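Make the full structure from the sequences, and use the hints.
Going line by line, the protein sequences match chains A and B. According to my numbering, the first sequence is numbered sequentially starting from 1. According to my numbering, the second sequence is numbered sequentially starting from 1.
One or more hints might be untrue.
Stated by the list, open to error - Simulated restraints, written as ranges between beta carbons of each label pair:
#	chain 1	residue 1	chain 2	residue 2	range
1	A	S312	B	A137	33 to 39 Å
2	B	S271	A	T236	50 to 56 Å
3	B	K322	A	D65	43 to 49 Å
4	B	L257	A	G398	29 to 35 Å
5	B	V122	A	S312	49 to 55 Å
6	B	I98	A	R265	55 to 61 Å
7	A	S436	B	S271	33 to 39 Å
8	A	Q98	B	A137	20 to 26 Å
Said to hold, decoys possible - Just a few of them, taken from the derived set where beta-carbon distance is under 10 Å, the chain B residues facing chain A:
#	residue
9	N49
10	R193
11	G198
12	Y202
13	K274
Said to hold, decoys possible - Partial list, computed: chain B residues near chain A (C-beta under 8 Å):
#	residue
14	T195
15	P196
16	S200
17	G273
18	R291
19	G309
Don't read these hints as lab results, they were simulated from the structure. These numbers were taken from a predicted model, which means no experiment stands behind them. For glycine and all other residues, C-beta sits at the position ideal for the given N, C-alpha and C.
The lines below spell out each chain.
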Amino acid sequence: MTAQDLTPILSLRQIRKVYGSLQVLHGIDLDVRPGEVVALLGENGAGKSTLSKIISGAVQPSGGDMTWFGAPYAPASPRAAMDAGLGMIHQELKLLPQLSIAENVFMGRYLMKGGRIDRRGMEERAHAGLQRLGLDISPRRVVEGLSTAKQQLIEIAKAMTLNARLLILDEPTAALGGEETQLLFRQIERLKADGVGIIYISHRLDEIRQVADRVVVMRDGAKVQEFDSGNVPVRTIVEAMVGRSLERMFPAIPVPQTDVMIEVRDLSSPARTFNNINFSVKRGEVFGIAGLVGAGRTELVRAIAGADPISSGEVILDGVTITPRSPRDAIRNGIVLVPEDRKLQGLVLDHSIQENIGYANLDRVARRGVVTSRQMSQFADAYIGTFGVKGRGSQNAGELSGGNQQKVVLAKWLARKPKVVVLDEPTRGIDVGARSSIYDTIMDLAREGVAVIVVSSDLEEVLGVSNRIMVMAQGKQAGILDRRDANDVSVMELATI
Amino acid sequence: MLASVKDDNRNAGAGVFSVLRGATGPLIGLILLCIFLSFATDKFMSARNLLNILDQITVLGIMAVGMTLVILIGGIDLAVGSVMALTMMVMGYLSSQIGLPLGAGILLALAVAAVTGAISGVLITALGVPAFIATLAMMSVARGLANMITDGQQIVGFPSWFSLLAYTRFGGFLTLTVAIMLVVFVLGWLYLRYTPGGRSLYAIGGNQEVARLAGINVSFYTIGVYVVSGLLAGLAGVVLAMRLDSVQPTAGVSYELDTIAAVVIGGTSLSGGKGGIIGTIIGVLIIGVLRNGLNLLGVSPFLQAVVIGVVIALAVAAEAVKQK
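The structure is reproduced here in structure tokens:
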């Protein structure tokens, strides 16, 4: 008997999701049958996590139908999905480290006996769950100090004591070593034998062959290809993942000058999130950095801008070694960072646009050590105008759209006439119109001789705006490609090493 | 002509509003309170009583300026009451027991107060101790030290000119202690409103990481703010010593809570980044007027505590409702 013959545990038909004017899922069909592992693949932003949130009840679909063992299924909350028999194992573990394994397994639904917590009952059942996964640990042990793989298995055991019939594993091996990964895979085999269905989300394409029975590839919110076997060449999967999406318009890229503006030598972080990185960027050059989430790109550029610690190596600006120790240090030398998360790192949301622009330029706004509100607003208004921010200077930054917020962050830095501008995910969550104006700004900077470093998970964007592209994988520099040689496949191949 | 007059008016209105920085609610509360008391009692609206109120709020007012800075950056300083007592005891010990001139004793005592703030600031920035805990520890240490100096005894017998400073009304109305408070108010207001440093405090309180990434030296300002808070607590101690003509190690118990209450009633947000000195002055006045008015009405001290607690809760609840 093969999995194909069984009624699916879960069926999705034409699932859609719309946020405002943005459609993030386009009519997804998906079946998961008992005892099979379906790998769900796609680039960042392809719609995998939205889809898993819909299945697990955290997000409601805008249209389409779901069935669970043939019956209509529309979980209104994660709790409802859990009660139906779905186990969602998140990338970030959600165990409470100070509590025992048994307490974690029964979190929120402690077994009761005669008005008291039935510890023995909980321990026995937790132990049974652990043994089913081949794990021989005392359920009384606290979670703290257990390896990530074991914690992951405890999460699975927790789902299993809830009689889960379908598990969603989101990047389960992201934090695991080789041996731990194999342990996890053996447990997955046991679960399959018990008839549990599994949706397996991962960026590590080489694992897919080992673990998956079927492969579903998503791109730009649509299911683009389905393979009825896990045994698909990585290259074929990558091509399906990057595909040819809608053509986007990128402005013409200026030719860089010949002299080097910034050079990075043997740069490493204390936690080895990036290791021995070497590159240089010329005046007027746009240098892209590509790679998967967790490859160390953000940590690297934050370190160059003084925001994260550097353990060894140096940063050389205009021929002078400056290796910044703090953002203040970097800014004084002319290196500025437009951070990944506008809302948490770029702007004080409940302060005005003027104040936000002012905070990065207080030394320049002040006249003889005095700052007045009038000076602040005059200074800011000039840049609000230059960048076409749609909003009044006195408005709170939090009231603006994502695109306008990003323009405010750019404005506050470009007012300083920097030498190096580092942009981390400059267009994440920004609509198409605002995107192209941000690309125009990048090109204007390059034309003025600024060295621009752009980190982006959007492959087409890195390819579209960069003179050269460095690809990172697991903290190491996997290669630097010239614009002429770089395409989606060559970059993805380096990134998934 | 007419247009320009109109324009001026509008600017003036906007100016007053922006000076208040969201403290309009507390101001209305203060005005209503004064109106009520002027009808409910005969004595409230007399010049003498109003000057008394100013004298009574000096200690609270001076400490509240330091606390405003601390709360603006999202911190808290629980040590101010104890630091005040420590400063008083150091001053009394150095002048009465060691025999230093009183002026020198005051300066050294203020230096001690500043050092307590610096220690709290370093604990918070360099070691990552939460502000609540660091200043709670300092509160205990400073109180203990204050008691150790004289083994819990008070010190009396300062030169007569010293306590006269709290009672002689220069120009018929201004005692030196009130003058000190007014100077501290003005300096605090100018600093927050017109200097890069003051603006940086708002940025730090708004979002510490954004401020750091904007090149603001967050550690420097954090330590600085606790130093100023300690120093002003010390200054408040000197003022209290003038008013009491004695110093005792039990002075200032639970003053930190009154100070925090005044700042919060004045509209400064405990989560940081919002508020200012004008609001704090109004908050201090509300507490001062309320105490004075309740005394004039003959309300028992026990009931007064209840009333003040209710006012704190109402003021902050009103602000929270307005935010929604």
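Hint check:
Between S312 (chain A) and A137 (chain B) the C-beta distance comes to about 37 Å, which sits within the given range of 33 to 39 Å. Taken as a hint, the range 50 to 56 Å holds for the pair S271 (chain B) and T236 (chain A), whose Cβ atoms sit roughly 52 Å apart. Checking the proposed 43 to 49 Å range against K322 (chain B) and D65 (chain A) shows it holds: the Cβ atoms sit about 45 Å from each other. Restraint check, L257 (chain B) to G398 (chain A): a C-beta distance of roughly 32 Å satisfies the suggested window 29 to 35 Å.
Restraint check, V122 (chain B) to S312 (chain A): a C-beta distance of roughly 28 Å breaks the suggested window 49 to 55 Å. Take I98 (chain B) and R265 (chain A): their Cβ atoms lie about 60 Å apart, and the range 55 to 61 Å holds. Distance hint check for S436 (chain A) and S271 (chain B): the Cβ-Cβ separation is about 37 Å, which falls inside the suggested range of 33 to 39 Å. Roughly 24 Å separates the CB atoms of Q98 (chain A) and A137 (chain B), a value that falls within the hinted 20 to 26 Å.
For N49 (chain B), the interface hint is violated, the least distance from its beta-carbon to any beta-carbon of chain A being 37 Å, above 10 Å. Proximity of R193 (chain B) to chain A holds as hinted, the smallest CB-CB distance being about 8 Å (cut-off 10 Å). Checking G198 (chain B) against chain A: minimum C-beta separation of about 8 Å stays under 10 Å; hint holds. At about 7 Å, the closest approach between the beta carbon of Y202 (chain B) and any beta carbon in chain A falls short of 10 Å, and the interface hint on this residue holds.
Nearest Cβ of chain A to the Cβ of K274 (chain B): about 7 Å, under the 10 Å cut. The hint holds. A hinted interface residue such as T195 (chain B) counts as satisfied when its beta carbon comes closer than 8 Å to some beta carbon of chain A; here the least separation is about 6 Å, so the hint holds. Look at P196 (chain B): its Cβ gets to within about 4 Å of chain A, closer than 8 Å, so that hint holds up. Hint status for S200 (chain B): holds, given a least beta-carbon distance of 6 Å to chain A, under 8 Å.
For G273 (chain B), the suggested interface contact is upheld, since its CB lies about 7 Å from the closest CB of chain A, less than 8 Å. The beta carbon of R291 (chain B) comes no nearer than 33 Å to any beta carbon in chain A, farther than 8 Å, and the hint placing it at the interface is violated. With 8 Å as the threshold, the beta carbon of G309 (chain B) stays out of range of chain A, its nearest partner Cβ sitting at about 28 Å, so the hint is violated.
Of the numbered hints stated above, those contradicted by the structure are hints 5, 9, 18, 19, listed in ascending order.
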